[in-house]
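On the provided structure of chain R, position chain Z as indicated by the hints.
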Amino acid sequence: MIMKRLIRSELRKLTTTRMPWAFLAVLVVLAGINAFAVIAGTDFDGSKAFIATEFDQQSLMAFAANALAIAGLFGAIAAAREYGHHTVVPTFLASPRRSRAVVAQLSAIGLGGGVLGLVGAALTVVAVALALPATDFGFMVSVGNVTQILAASAFAGAAGAVLGAGIGLLVRNVGGTVTGAVLVLFIAPPLIAQLATETASWMPSVLATVLTGVGNEVSKPAALVALCVWAVVPAIAGLLAVNRRDVV
Amino acid sequence: MTSATGSHPIVIEHLTKRYGENTVVDDLSFTVQPGRVTGFLGPNGSGKSTTMKMMLGLASADRGRVTVSGRNYRDLDNPAHTVGAMIESDAFHPGRSGRNHLRILADATGIPQRRVAEVLGEVGLSHAADRQVGAYSLGMRQRLGLAAALLGEPPVLILDEPGNGLDPEGIRTLRDRLRAQSGRGGTVLVSSHLLAEVEHLADDVVVINEGRIVAQGPLAELQQAATLVRTDNRDRLCRVLEDAGATIEHHDSDGVVVRDIQIDEIGEQAFAAGIVLHELSPQAGSLEELFLNWTNTRIGQEVDAS
Numbered sequence: 006m007i008m009k010r011l012i013r014s015e016l017r018k019l020t021t022t023r024m025p026w027a028f029l030a031v032l033v034v035l036a037g038i039n040a041f042a043v044i045a046g047t048d049f050d051g052s053k054a055f056i057a058t059e060f061d062q063q064s065l066m067a068f069a070a071n072a073l074a075i076a077g078l079f080g081a082i083a084a085a086r087e088y089g090h091h092t093v094v095p096t097f098l099a100s101p102r103r104s105r106a107v108v109a110q111l112s113a114i115g116l117g118g119g120v121l122g123l124v125g126a127a128l129t130v131v132a133v134a135l136a137l138p139a140t141d142f143g144f145m146v147s148v149g150n151v152t153q154i155l156a157a158s159a160f161a162g163a164a165g166a167v168l169g170a171g172i173g174l175l176v177r178n179v180g181g182t183v184t185g186a187v188l189v190l191f192i193a194p195p196l197i198a199q200l201a202t203e204t205a206s207w208m209p210s211v212l213a214t215v216l217t218g219v220g221n222e223v224s225k226p227a228a229l230v231a232l233c234v235w236a237v238v239p240a241i242a243g244l245l246a247v248n249r250r251d252v253v
Numbered sequence: 146m147t148s149a150t151g152s153h154p155i156v157i158e159h160l161t162k163r164y165g166e167n168t169v170v171d172d173l174s175f176t177v178q179p180g181r182v183t184g185f186l187g188p189n190g191s192g193k194s195t196t197m198k199m200m201l202g203l204a205s206a207d208r209g210r211v212t213v214s215g216r217n218y219r220d221l222d223n224p225a226h227t228v229g230a231m232i233e234s235d236a237f238h239p240g241r242s243g244r245n246h247l248r249i250l251a252d253a254t255g256i257p258q259r260r261v262a263e264v265l266g267e268v269g270l271s272h273a274a275d276r277q278v279g280a281y282s283l284g285m286r287q288r289l290g291l292a293a294a295l296l297g298e299p300p301v302l303i304l305d306e307p308g309n310g311l312d313p314e315g316i317r318t319l320r321d322r323l324r325a326q327s328g329r330g331g332t333v334l335v336s337s338h339l340l341a342e343v344e345h346l347a348d349d350v351v352v353i354n355e356g357r358i359v360a361q362g363p364l365a366e367l368q369q370a371a372t373l374v375r376t377d378n379r380d381r382l383c384r385v386l387e388d389a390g391a392t393i394e395h396h397d398s399d400g401v402v403v404r405d406i407q408i409d410e411i412g413e414q415a416f417a418a419g420i421v422l423h424e425l426s427p428q429a430g431s432l433e434e435l436f437l438n439w440t441n442t443r444i445g446q447e448v449d450a451s
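The listed protein sequences correspond, in order, to chains R and Z. Numbering of the first sequence is given in this note's numbering, commencing with residue 6 and proceeding in unit increments. Numbering of the second sequence is given in this note's numbering, commencing with residue 146 and proceeding in unit increments.
A hint or two may mislead.
Listed below are several chain R residues computed to face chain Z (Cβ distance under 7 angstroms; list not exhaustive) [stated by the list, open to error]: (1) 10; (2) 17; (3) 20.
These are computed hints drawn from the structure, not numbers from a lab. Think of the CB as a built atom: it goes at the ideal place given N, C-alpha and C, for glycine as much as any other residue.
Chain R extracted, bound-state conformation:
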């Protein structure tokens, strides 16, 4: 009952500022870029080979890696701004057992990230579907594969948001948190993969691609579990830090 109240409160926090609309705008722009690419883009040889098969189209619409990154930034900002604006003070006054408040926050942010991932994927699918009639190719992706793209994007969005929120709980400063999220999601993975090539398959964006069905570096269950680990580790670290620190 208490958790339900706290999650409702956290969801209202997320939906009563302009931040979700800004992220939605980014998703619309990305979908528009995909549509433009379908209509105007070509391969090196001038052909439209990149949309010629079901797999090609599914690859184009595989939004999960984008969902992971975008929701990661969403989660990072959503968590860190609580400290920047001191709104964490009334939160912890209402719920002095901080673990509950943080778990509720992570749940709401995870849900928000999942919705962003789902909406982003849906917009991309719709944009590509609307753009394809302007080419010589029809929409080839099966309902099952579209469902897989949507589900994978929602899951990757949720995981990315929780990962970002964990960084936000640790860093607390919005600028520092965004920098940290960019580091973890964009900069560190290729560097780590270069240093230890066997880790490349376990980087978040690769795991997200596996979930959409266009990558096979690891099995899907393994990708699911590994992505959860990527999300949960910083979240637990953040939770422990919040419980230990004074709110100043």
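Frame of chain R, contents of chain Z only:
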């Protein structure tokens, strides 16, 4: 302030907080009584806000404890229904409306949403409820902070600088609200740098300086705790009384204000020393004078709730 008389006293026992080598709150013990308004005063950096944060579980104590109604704040079943707190003057998202800020708190605490409109009316903020907080004046933010504290209709209020930025009407409304709260048996602890306002509002005061209590008790008694003495033999009288433990301030050419010993003891000490007194009378001091004396604050030095 010796014993709890109601159901919701705030009891602070040996509260201590250190940041590294620096002890910011040093063995504080006092009780905030139900049915009374207690002013919590001290100069900049004296440890008032840190003490309030420890009361509310926002900061951990290195030693000692604070209880409300006999329980740690973190152990209260639904704290918003017991304690209303205003601890950060600007704990709002600037892009969120005042109404939504309160709706979020109502959600978290299980308070019915209709209470949001009521409390906005109580603090005179209904007209701006749907405006973004970023467009609020300081006084409007203070009203919103007060609304958040009052949302759960709690019997205990812990307010850090609630009068900051309020216009005279707002201050009067706040004073009436807090007096009414204590009149109903509620417990009210208010820190403020508006000493004149505290003088009008507070029944009791707790004054801290460098993390330690320097004065506490009913304000009226503290204000009467000085004695004006006139004599032709002032220097000798000062030596005698200081040897007896008195604190002495020079009043005018032949008068001194004596604190820390009782009026009858002053008379006895003077009689024993063979000093003729021309006047021996209770001296009522303003809170500002007392505050400066208690904290050794220089005139012009900023006094606020830090």
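Here's how the hints hold up against the structure:
{"no.": "1", "hint": "10", "verdict": "holds, 5 angstroms"}
{"no.": "2", "hint": "17", "verdict": "holds, 5 angstroms"}
{"no.": "3", "hint": "20", "verdict": "violated, 9 angstroms"}
When each numbered hint is compared with the structure, a violation occurs for hint 3 only.
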